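Chains as they are written, first to last, in the working numbering: chain A, 1 to 338; chain B, 339 to 676.
Hints were generated in silico from the structure; no laboratory data involved. Being a predicted model, the structure only gives us computed values, none of them experimental. Watch out, some of these pointers could steer you wrong.
Some but not every residue of chain B turned toward chain A, in silico, with C-beta under 7 Å [what the hints assert, rightly or not]:
hint : residue
1    : Phe478
2    : Met542
3    : Ile552
4    : Tyr613
Backbone N, C-alpha and C fix where the C-beta goes; we use that ideal spot for every residue, glycine too.
Protein chains: 2
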Amino acid sequence: MSITLDSPLDMHLHLRDENMLSTVAPLSAKTFSGAIIMPNLVPPISTKDELLAYKSRILEATKGHTFKPYMTLFFKPTYTKEFLESVRDELTAIKLYPAGITTNSEGGVAGFDVEELRPTLTAMSELDIPLCVHGETNGFVMDREAEFVSIYEMLATNFPKLKIIMEHITTKESVEALDKFENLYATITLHHLLITLDDVAGGMLQPHLFCKPIAKRPQDREALRRVAFKAHPKVMFGSDSAPHPQHAKESCGCAAGVFTAPIAIQVLTELFTQYSTIENLQAFLSGNAQNIYSNIEIPKKTIVLEKEAFLVPNKYGDVVPIYAGETIKYSIIERKEI
Amino acid sequence: MSITLDSPLDMHLHLRDENMLSTVAPLSAKTFSGAIIMPNLVPPISTKDELLAYKSRILEATKGHTFKPYMTLFFKPTYTKEFLESVRDELTAIKLYPAGITTNSEGGVAGFDVEELRPTLTAMSELDIPLCVHGETNGFVMDREAEFVSIYEMLATNFPKLKIIMEHITTKESVEALDKFENLYATITLHHLLITLDDVAGGMLQPHLFCKPIAKRPQDREALRRVAFKAHPKVMFGSDSAPHPQHAKESCGCAAGVFTAPIAIQVLTELFTQYSTIENLQAFLSGNAQNIYSNIEIPKKTIVLEKEAFLVPNKYGDVVPIYAGETIKYSIIERKEI
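For reference, chain A alone in the conformation it holds in the complex (with noise of 0.2 Å):
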């Protein structure tokens, strides 16, 4: 039996620049159809000029593939209406970061006064420009998702036509606010999925599985499973997958990111078999964010996977993918891009 899947979509990417970008670009490339690419560059994307830059060294990264980046701004306060009319034909969505709360987010915001953040925010709402937030605090690294969820609510309820995506959730507390609030929806990862603290931290340290927001508790993944599982038409899948060299990896002081691009496709295919959950996997990995980024363009690609095994190469490049050396179980067969 083979399983065909149409345009996948990876709604949170990270392809970082230059060396990192030609090595991991293509790897999404060849399998994704679309990928909503982060901004947090050093420094992070906040021009027009800049992001119609990174576009193109994306495309030419990618070249010879049917590969779609979303681009994205590192979101400011200070962005006016007029700025983003200019660049909103370039734009998909812009990136909110808390100031400090993950790789290169130092210029985030730093407290989150609704003022301040009032004319951006509709402006935003005006043009449809959905708004992607990492949603931590800098309280306890257990703690810091659910306790953004307050946050979630006060920018859900204060700007209400804002689509508000809260990306890689990874607790129950952001799973119950999706059915809260119309205007909010959620990216899941692939190693979220997996993965729980226990994995990271529960035998060996596990620097390669380190992310941010850190895995949580067995009743965290579940909520996601739950929801993931069943393509809850406000959840998508966003990878976050995040190159760093093994260096910065294994090291005193190691790097947050997990990388699972090149084999996401696969490994969802395992998990949503293994729960008989494969039909859902269609509107999970492409449907869903067809619906909630509503106006996006999105190439035709044809992905057909079958349960064959799978040797996980040790590293792509100098970056170490989840499952290096392991044996996966389902392998993409065929490709096909119009």
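Place chain B on chain A using the hints.
Frame of chain A; chain B shown alone:
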């Protein structure tokens, strides 16, 4: 102003064997009068011959210092009263590990069937041999110690004459258990007085702060500090200083353990001074242990500290200590051994 401490004791110490033993044992022997030596070698110390041979190797490695290794056996429910009597004079305590819970604990206790344990624990009660316990279940990493409290209660209730030491406690639940059962005691490490999970995984991942039990929440650290700083008579210092070669810490699959032995007394002095409880350090570091382990022989040693910056080496041998390359506030300026 100088601070003088008499006969410091480390009531939970890993010295390992061979080259590692030669590297780390003198670092403890320089400043401590004695230490409870953990038996989890490969294979674990479980016969009189092994115990005596290990003791000789330790004495050889600490030659020139006034230092008493308090020897332990690795708990087995097959130890008979006869065997324990034969080894009593050489033995200070027996250490119980739940199977597979930490470094070299594979041969530990699986399940806690009180009737299976009864003969050995009854004999230990009669011979006044304390039971040291690594108290973690195999549950979710943040819950393991709190879940184990019910096992401590079962042991304390069934064996009221047995001295039970809850080793390296990390949670408020364990602190609360201390006052519920007359025969429960505890050791507290330096690192659990210093760090929470935020320090291990809240920013970059810090493999040198990864240990078992893993550091917990701020409220848990607070509970530990409360009893340590007032030198609650049932708690005593046990460093759980656990050396690993650098490559075993900074790699994919990092071993658990924080190496604190060489600077433990200095940092404890800083911490107790900072919290205005320096008058209680002598009891925490020696007096309480002398009362709890009532029949141990304690070599006389005097350590004098002053507030004088000390640059912690990047490594001792191939082992990276806590605060490597950083400056701590207190230095040992004099050691008197008799």
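Hint status (Cβ of Met542(B) to nearest Cβ of chain A, threshold 7 Å): 4 Å, holds
Interface hint outcome for Tyr613(B) [beta carbon to chain A under 7 Å]: 21 Å, violated
When the nearest CB of chain A is found for Ile552(B), is that gap smaller than 7 Å? 6 Å, holds
Supplied contact hint for Phe478(B), tested at 7 Å Cβ to chain A: 6 Å, holds
Hint 4 from the list above is the single one not met by this structure.
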